[in-house]
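Based on the sequences and whatever the hints tell you, model everything.
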Amino acid sequence: MPRQRLPPSRLILLIVLGLGPPGLGWAAPAFQATVLSVGDGDTLRVRSGQQRITVRLACIDAPETAQSPWGQQARQVLQLRLPVGRSVTIQPRSSDRFGRTVAEVISDTNISLALVEDGLAFAYRRYLAACDGAAYLEAEERARRQRLGVWRVPGGITRPWDFRHGRRSARIPDGTSPDGRRHYCSQNGSHARAQQLLRQGHSDLDSDGDGDGEACERLP
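With my numbering, you'll find the sequence shown wraps up at 341, consecutive numbering, no jumps.
Hints are not guaranteed to be accurate.
[Claimed, not checked] Restraint ranges, calculated between C-beta atoms of paired labels, are given here:
1) L258 / R314: 37 to 47 angstroms
2) R168 / P275: 34 to 44 angstroms
3) S189 / A151: 30 to 40 angstroms
The hints are simulated quantities; they were obtained by calculation from the structure and are not laboratory data.
In this text, all values refer to a predicted model and were calculated from it rather than measured experimentally.
Glycine residues also receive a C-beta, built at the ideal position from the N, C-alpha and C atoms.
What follows is the structure, given as structure tokens:
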């Protein structure tokens, strides 16, 4: 089948926005930001100027919060590496279907790569083309050989992408939470309060349904 060609006007727009056909490695320019919060082991919120941005760490997949204790460990380490108020460099690689900026985050080191090196995340093979894939695979192999983090379990724990698929298959049809109620973002006055409820198991407050550990992302 012939490869579909983009109209020139559309192609120019993609270049200006720093986007492009998946896998070509095009990215928007890096920018400085300040850490506001950590959602889970591979998601955080930052502020750049007056804009609040949800960032999904590129090229890795950390254990879900429900994958105890691995998910909690990944989140705790990410919080230690990126405390609130820390200045970081955001290098966008793409954006995802939930509107999040998918990026490598640089503090004193490449955070994504460091998490894989420590056995706290997997190299996300499906999306490695946007990063230095060889570096991520080598870091994962070193963690596996040393049996760090998720590799303490022979063969590694259930991969997060498989875990999410299993949870979606088992989702309660009426969408209620552990207490039998359905919670709404409009009932919470702040992102912090919604985040607290999400950690108690009220997954309906993950308003995008993306399982990124961030509740009611439009709340202040």
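Evaluated hints:
1. Distance hint for L258 and R314: a CB-CB separation of about 40 angstroms, consistent with the stated range 37 to 47 angstroms.
2. Between R168 and P275 the beta carbon distance is about 42 angstroms. The supplied range of 34 to 44 angstroms therefore holds.
3. Between S189 and A151 the CB atoms are about 35 angstroms apart, so this pair conforms to the stated range of 30 to 40 angstroms.
Every hint from the earlier list agrees with this structure, and none is contradicted.
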